[in-house]
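Asks: Quick note, the sequences are listed as chains A and B, same order.
Counting in the numbering used here, the first sequence runs from 1 upward without gaps.
Counting in the numbering used here, the second sequence runs from 565 upward without gaps.
Mixed in with the good hints, there may be bad ones.
[Claimed, not checked] Pulled a few chain A residues facing chain B out of the computed Cβ check, cut under 8 Å:
#1 Gln61
#2 Ala145
#3 Tyr154
#4 Asp376
#5 Ala442
#6 Pro472
#7 Thr476
Read the hints as simulated data drawn from the structure, not as lab findings.
Predicted, not measured: the structure shown is a model, and the values here were computed from it.
Beta carbons: idealized from backbone N, C-alpha and C, even for Gly.
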Amino acid sequence: MSSAHHRPGTRLRRALPALVVTAVLALAGCNANPTSSSSASASSQPVRKGGTLTIYSQSSQIDFDPAKSQGLAITSLGLVHRRLTTWDIEPGQEPKVVPDLATDTGRPSDGGRTWTYTLKKGLTFSNGAPITSADIAYGVERSFAPELSGGLAYHKTLLVGGTDYRGPYTGQKLASVETPDDATIVFHLTVPYGDWPWIASMPAFAPVPKSADTDPSTYGKTPVTSGPYEVASNDQGTKAVLKRNPHWGDDDVRGGGPDEIDLLLGQDASVAAQQLISDQGAARSGFGANQVPAAQLAQIDGNPAAKSRLAVSNPGALEYLAMNTRRPALSKPAVRQAIEYAIDKQAFLLAQGGDLAGSVATTLITPGIPGRQQYDLYPASPSGDVAKATSMLAAAGGSKLSLKLVTANDDASTASAEAIAQSLQRVGITISIVPQDENTYADTITGDAGDYDLTVSSWQPDFPSANGNISPLFATSQIGGGNYNLSRYSNPKVDALIAQATGSVDQAAAQKLWAEADRTIMADAPVVPLIYAKNAFLRGSAVANFDVSGFPNYPNYLRVFVNS
Amino acid sequence: MSGVELLARRSRPRPTTASGVAVVTYVARRVAVTAGVLLIIATLTFIVFHLLPTDVSLASCGKPCTSDRREAVRHFYGYDRSPLLQLWEFLKGIVVGRTFGDGGAAVHCSAPCFGYSFRLGEPVLSLIVDRFGVTASIALGAFVLWTFAGVGAGVVAALRRGTWIDRTALAGTVVGVSTPTYLVALVAILVFGFQLNVLPVGTYVPLTQNPLLWAWHLVLPWAVLAFTSAAVYTRLARSQMLDAMSEDFVRTARAKGVRERRVVVRHGLRNALLPIVTIAGLDLGGLLGGAVITERIFSMQGLGALLIDAVGNLDLPVILGVTLFAAGLIVVANLVVDVLYAVLDPRIRSKGTS
Numbered sequence: 001m002s003s004a005h006h007r008p009g010t011r012l013r014r015a016l017p018a019l020v021v022t023a024v025l026a027l028a029g030c031n032a033n034p035t036s037s038s039s040a041s042a043s044s045q046p047v048r049k050g051g052t053l054t055i056y057s058q059s060s061q062i063d064f065d066p067a068k069s070q071g072l073a074i075t076s077l078g079l080v081h082r083r084l085t086t087w088d089i090e091p092g093q094e095p096k097v098v099p100d101l102a103t104d105t106g107r108p109s110d111g112g113r114t115w116t117y118t119l120k121k122g123l124t125f126s127n128g129a130p131i132t133s134a135d136i137a138y139g140v141e142r143s144f145a146p147e148l149s150g151g152l153a154y155h156k157t158l159l160v161g162g163t164d165y166r167g168p169y170t171g172q173k174l175a176s177v178e179t180p181d182d183a184t185i186v187f188h189l190t191v192p193y194g195d196w197p198w199i200a201s202m203p204a205f206a207p208v209p210k211s212a213d214t215d216p217s218t219y220g221k222t223p224v225t226s227g228p229y230e231v232a233s234n235d236q237g238t239k240a241v242l243k244r245n246p247h248w249g250d251d252d253v254r255g256g257g258p259d260e261i262d263l264l265l266g267q268d269a270s271v272a273a274q275q276l277i278s279d280q281g282a283a284r285s286g287f288g289a290n291q292v293p294a295a296q297l298a299q300i301d302g303n304p305a306a307k308s309r310l311a312v313s314n315p316g317a318l319e320y321l322a323m324n325t326r327r328p329a330l331s332k333p334a335v336r337q338a339i340e341y342a343i344d345k346q347a348f349l350l351a352q353g354g355d356l357a358g359s360v361a362t363t364l365i366t367p368g369i370p371g372r373q374q375y376d377l378y379p380a381s382p383s384g385d386v387a388k389a390t391s392m393l394a395a396a397g398g399s400k401l402s403l404k405l406v407t408a409n410d411d412a413s414t415a416s417a418e419a420i421a422q423s424l425q426r427v428g429i430t431i432s433i434v435p436q437d438e439n440t441y442a443d444t445i446t447g448d449a450g451d452y453d454l455t456v457s458s459w460q461p462d463f464p465s466a467n468g469n470i471s472p473l474f475a476t477s478q479i480g481g482g483n484y485n486l487s488r489y490s491n492p493k494v495d496a497l498i499a500q501a502t503g504s505v506d507q508a509a510a511q512k513l514w515a516e517a518d519r520t521i522m523a524d525a526p527v528v529p530l531i532y533a534k535n536a537f538l539r540g541s542a543v544a545n546f547d548v549s550g551f552p553n554y555p556n557y558l559r560v561f562v563n564s
Numbered sequence: 565m566s567g568v569e570l571l572a573r574r575s576r577p578r579p580t581t582a583s584g585v586a587v588v589t590y591v592a593r594r595v596a597v598t599a600g601v602l603l604i605i606a607t608l609t610f611i612v613f614h615l616l617p618t619d620v621s622l623a624s625c626g627k628p629c630t631s632d633r634r635e636a637v638r639h640f641y642g643y644d645r646s647p648l649l650q651l652w653e654f655l656k657g658i659v660v661g662r663t664f665g666d667g668g669a670a671v672h673c674s675a676p677c678f679g680y681s682f683r684l685g686e687p688v689l690s691l692i693v694d695r696f697g698v699t700a701s702i703a704l705g706a707f708v709l710w711t712f713a714g715v716g717a718g719v720v721a722a723l724r725r726g727t728w729i730d731r732t733a734l735a736g737t738v739v740g741v742s743t744p745t746y747l748v749a750l751v752a753i754l755v756f757g758f759q760l761n762v763l764p765v766g767t768y769v770p771l772t773q774n775p776l777l778w779a780w781h782l783v784l785p786w787a788v789l790a791f792t793s794a795a796v797y798t799r800l801a802r803s804q805m806l807d808a809m810s811e812d813f814v815r816t817a818r819a820k821g822v823r824e825r826r827v828v829v830r831h832g833l834r835n836a837l838l839p840i841v842t843i844a845g846l847d848l849g850g851l852l853g854g855a856v857i858t859e860r861i862f863s864m865q866g867l868g869a870l871l872i873d874a875v876g877n878l879d880l881p882v883i884l885g886v887t888l889f890a891a892g893l894i895v896v897a898n899l900v901v902d903v904l905y906a907v908l909d910p911r912i913r914s915k916g917t918s
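Put together the whole structure using the sequences plus the hints.
Replies: Here you go:
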């Protein structure tokens, strides 16, 4: 479905002219058979200060309001807002949660139900005012306001009283967020939660001074900031300009390289990629915030100069086939297990663009996530095992199945759906593909009714813990209601494992439990893992420290700099 | 109308006061009809939006989402009320303004309020005003270019009928009419932007910021739109010119010894222009409502891009506002063309009021 920082609907916007654009610009391209290239840059270089960095973005607007954001800690929002904790993303290393405004990543007590943070000394906002624990608490509180909805919301059900809280604008405070003094903040949770340090890295944990929040609905245009930059101007449809925040300091994670960062908004992805390929003017010191479209990837493959500037990630986000376990035809695990063998993952990968698009998947926890164990419960060639699947289906009484596969109606999604349909036809399953527009599709798969048998979706965790892979997709609480348990899978044993792993403050112990949950779920076969997708991004020749290799497979804006 | 009538009319006395009143009545009636049409469009947009099998609150609920929170969002946006009530609130807002929410986060949208986009944090009207500059810059420049180039080519083709000029112009129109805008735009970007590298490939520079850069960035979109739109005008101007130039009054004028240049402009072109004015008015009205493909490919965020974005994000206030505005432009363009006609041509006026 949606990746970590794309909301539903992104695909639709991309779909319209982007597809024709790619088709035509391909005329100018050369090689149609790209091969995989690993261009993970060498480890992080010291950041050079100066210059103007240009970022080409497809979004027509950027809202820097932390309450409304689903942004990753290492992209645009991370340039302007610091949080209690943040992500340390280095090439070739597992992602780490590190202190940001706080002195550590949080001190648990009460078995992981209470988390306490102390702020670093001498921190100030871009307006010169000191950053206090009250500013963090206010930022968290305002994320509960219905008028500022839309952001990452993991904390909203975890904080005591969060379910009924409606934000500070009605004069109410959230009692479970305490600020005993200016430097201390304490969070009280409904359950023990070992991944709270990751939650405290989310946008809502950025400080917002109450005195500056006079017009909440427009606060995000030019907010008061704590990061290396402040927002000098922000014109939706044109561009946002970030300039240095003179009060920024005591930050181990952000490089603060460029003097100025221009976010060009509403840029067509293909035309932007073409500009970056040509490497002239502003594009020399720029990069694309969106993945390079397939046609330009092919073009780049035949252009050594451009290819050296292409950053391809390691396999990451999971693309999977969800089987609706609440439908009679798919309620038997034996039928679903047969389908595990029936799917031709190789054909699916080809439909996505081949090796450059990803690699074949067998597990639920994705590569790059700490504690992941590689295994395959349904070993077969990447093209599947038709004979085995057929006999298993017959034994399970699942011959002559007729299933409804619902999909978004853009070209890429339809191609995925067709690859799945062809796989299943090999074992005598009849598939009817139901294409829907992006918004309707989102409603169909995440709504309460669940009127579908199969759907292909993709998932990138919002934070680099196996928790982010497993809970949103397989917990009983995440069925319907706008959530992403698309196979509507419910297993008390798995729910118990999730609760146990979630509650474990000991990360090593938690990782073991997550790995166990991974296998337990796969034994029930509610989904077929298809591929781990790769992302490719292009930079201009003057841009350095541009890395997308590991999780989250997006450029780390925080340490990018411009060479003179 | 024949040229003889046209010549005869020119010698008539000016319209009397009575027919002046008739014009006022005519215009008043058309304005009333226009308001009615816009009301119907607003109602239809509301109905279509509420018939969608999609929950609008999903897009802004956050991740992960709970049903409680979704209800709160629906309530805040007012989507939990009946569509009819929402329509009434919308219409009321145009007259007296609206306030969303209460307490410290209340958002006031002063009259005339055409809704408020919480996604973009701006009243819809100011969004439209903002984006209209981009669309109008694209539309007006292209419009001027294609009417002059199109009509000019048509007139020349008609006067040089059967020659290579005529055939080239006709062939050009076939290409222009049959090539999709996006293809022309992309080829133009590739050739002029990347291969020759002589023109910028996108990004809008406001006129107020730098008029030269404004025009420089718009050259490609203007040329592309003009190329694909001029064809119709060339064809129309050519056939109208051919008709006009074969009329009796042209022969009469020539026989009287009027200079050829004057014959072409005063007698031929003047007559040929009337139907062209109609089409040009409607085309301009439509284009001002958003040049979706051109805006997208040239990375210029005008009304078309605003609308597409809003549809993708289920931003109802923006969808409604832009739809109404675009529809309004077409209706107004229609009105202007009709009124111009009525003023220019007494026969239409008398038919319209009798």
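Asks: For a quick check of understanding: which of the numbered hints are violated here, in increasing order?
Replies: Hints 4 and 7 contradicted; others consistent.
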